[in-house]
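Peer 1: Taking the working numbering, the leading residue of the sequence shown gets 1, the next gets one more, and so forth.
Any given hint might turn out to be false.
Said to hold, decoys possible - Derived EDC-like pairs: lysine to aspartate or glutamate, alpha-carbon spacing no greater than 20 angstroms straight-line:
# : residue 1 : residue 2
1 : Lys51     : Glu148
2 : Lys330    : Asp285
3 : Lys395    : Glu366
Worth flagging that the hints you see were computed from the coordinates, not collected in a lab.
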Amino acid sequence: MTDGKITSLNARDVEREELEVDVLLVGAGPASLSCAIHLQRLLAERGIEDKTILVLEKAEEIGHHTLSGAVMKTKGIAELFPDWRDRGFPVAADVGYDAMVYLRKNGKHNRLDGMLVPPQLRNHGNVIISLNHVVSWLKDRAEEAGIEVYAGFAGAEVAYDGNRVIGVQTRDSGIAKDGSQKATFEPGMDVRAAVTVFAEGTRGSLAKGLIAKLGLAAESNDQTWSTGCKEIWEIPAERGKELLGTVFHTAGEPLGTDGYGGGWIYGVAEDKVSVGYVTPLDHHDAQLDPHALFVKWKQHPFVNKIIEGGKVVRYGAKTIPEGGYFAMPKLQGDGFCLVGDTAGFLNASSLKGVHLAIKSGMLAAEAIAEALEAGDTSAAKLAKYTQLFEASWAKDELYKVRNFRQAFDGGMFGGMVDVAVQMVTGGRGLVARRRGHADHETMRPVSESRMTKPSYNDGDSMDKLTDVYWSGAIHEEDQPSHLLIPDPSICVERCTEEYGNPCQHFCPAAVYEWPDTPQPTGVVINASNCVHCKTCDIADPYENIEWVVPEGGGGPKYIDM
Numbered sequence: 001m002t003d004g005k006i007t008s009l010n011a012r013d014v015e016r017e018e019l020e021v022d023v024l025l026v027g028a029g030p031a032s033l034s035c036a037i038h039l040q041r042l043l044a045e046r047g048i049e050d051k052t053i054l055v056l057e058k059a060e061e062i063g064h065h066t067l068s069g070a071v072m073k074t075k076g077i078a079e080l081f082p083d084w085r086d087r088g089f090p091v092a093a094d095v096g097y098d099a100m101v102y103l104r105k106n107g108k109h110n111r112l113d114g115m116l117v118p119p120q121l122r123n124h125g126n127v128i129i130s131l132n133h134v135v136s137w138l139k140d141r142a143e144e145a146g147i148e149v150y151a152g153f154a155g156a157e158v159a160y161d162g163n164r165v166i167g168v169q170t171r172d173s174g175i176a177k178d179g180s181q182k183a184t185f186e187p188g189m190d191v192r193a194a195v196t197v198f199a200e201g202t203r204g205s206l207a208k209g210l211i212a213k214l215g216l217a218a219e220s221n222d223q224t225w226s227t228g229c230k231e232i233w234e235i236p237a238e239r240g241k242e243l244l245g246t247v248f249h250t251a252g253e254p255l256g257t258d259g260y261g262g263g264w265i266y267g268v269a270e271d272k273v274s275v276g277y278v279t280p281l282d283h284h285d286a287q288l289d290p291h292a293l294f295v296k297w298k299q300h301p302f303v304n305k306i307i308e309g310g311k312v313v314r315y316g317a318k319t320i321p322e323g324g325y326f327a328m329p330k331l332q333g334d335g336f337c338l339v340g341d342t343a344g345f346l347n348a349s350s351l352k353g354v355h356l357a358i359k360s361g362m363l364a365a366e367a368i369a370e371a372l373e374a375g376d377t378s379a380a381k382l383a384k385y386t387q388l389f390e391a392s393w394a395k396d397e398l399y400k401v402r403n404f405r406q407a408f409d410g411g412m413f414g415g416m417v418d419v420a421v422q423m424v425t426g427g428r429g430l431v432a433r434r435r436g437h438a439d440h441e442t443m444r445p446v447s448e449s450r451m452t453k454p455s456y457n458d459g460d461s462m463d464k465l466t467d468v469y470w471s472g473a474i475h476e477e478d479q480p481s482h483l484l485i486p487d488p489s490i491c492v493e494r495c496t497e498e499y500g501n502p503c504q505h506f507c508p509a510a511v512y513e514w515p516d517t518p519q520p521t522g523v524v525i526n527a528s529n530c531v532h533c534k535t536c537d538i539a540d541p542y543e544n545i546e547w548v549v550p551e552g553g554g555g556p557k558y559i560d561m
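Using the sequences plus the hints, can you model the full thing?
Peer 2: Here you go:
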């Protein structure tokens, strides 16, 4: 919530095991694992061998909650492991061909390739990856270095001493829907650390509360988000071999010129392609439905021809922090650092963030190593992280596109003009600093909605519930819902009339269901469908939905994603 208090589903007044470590990393994505690996090296170089580093991950297995397109710049991994290829880093394909495709309403398209592709979207020298394969590989490297990596442990609460972070409390298991303790009840641990690194990914629930409590974003722009829906398609081998290493990015339909969004098609194997569509959450339409737009996009002849004759084998969805440099919070405070997507390390212009996540983790590691050596993990000492970032290529890259995403607030055409100006003004554009806005503030009344639903089928246009099956999402059914609605009366008494209950539309996993009755009876929450994308926590116009962690191990099971 806006006061910085994260609601926990943990039991009160129970005895808990306490575990003390020197550095705790919450989340096991590329930023976290890179931080842990680099920190271990730096400590060894200083002759410090008595420090313990622990990584906690809420997914059942490392990588199961990790999702991206993804095309990766190799700069970050090459700094972490100069011999990354020789070490067997998992590359699906080197980019061999890339193009920008504009999809038109009449079913036709225009393709730009070679030097006609916008510079920020040229991918020569980049690699196509499965991000969950990458983090699994990084986990193995971390464990080889002696770092403890525990899956199935969700961070439920931040532990404070005043405004100093001193660790986290992990999520209880074995609490029934009614809040009672089942026979299987196991209280979460109190993990104490000199430094806690928040690497929860996009819209991390702990970081959200921390940022609000300590005012870490008081001088920042509001973060701007999109939701990406992704499928892995198994296609005929002849076509798959032809597309291996190919990168298509699309603009135009079905979103048109109403906002910043588009699709991707990546050739990831001899018989598979990664396809996905990104929808802006600052769009004004109350019936905005990222999954429906994804389906419409797949029905365009250009896309449909590629997946024709194939079948879906994986599905997932995730929010994307696109606000850029000016939307980043303070990166550290007393006893903590923020890294990766949690801190907004993403270049919306080039649609890439993995290399920046890795770099953020390495920069944080350098500051933490120095702080541990000095025995001082205060905000002043950890401020070395920000100093290192400001002097790095990561800052240079993000600063050059500092106003990119906000340029599209007024629509696609105005944004394209501003971006053209940005390219010749070092990223400034028409305005020195575009402030942007919170996504939930942009929604207009449902009476102004123009969104329509696509037609669904069992082939290329599956509905949300079918796609949820392909996400592997599963949760313990007998537990309290991790999707909290503090004031249910708002949903019935205001939201139905004003916005038409948009949660049933913007959720890409059919979590929120409104029964078709003459009088609204309240929302049905299908929490077991949740793919942990956090769209609801961001897009609800009243900020009346709060996502908190369920029992550890629950959620999607992303494989090859």
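Peer 1: Indicate, hint by hint, whether the structure satisfies it.
Peer 2: Verification of the hints:
no.: 1; hint: Lys51 / Glu148; in the structure: holds, 12 angstroms
no.: 2; hint: Lys330 / Asp285; in the structure: violated, 32 angstroms
no.: 3; hint: Lys395 / Glu366; in the structure: holds, 16 angstroms
Of the numbered hints listed earlier, the single one contradicted by the structure is hint 2.
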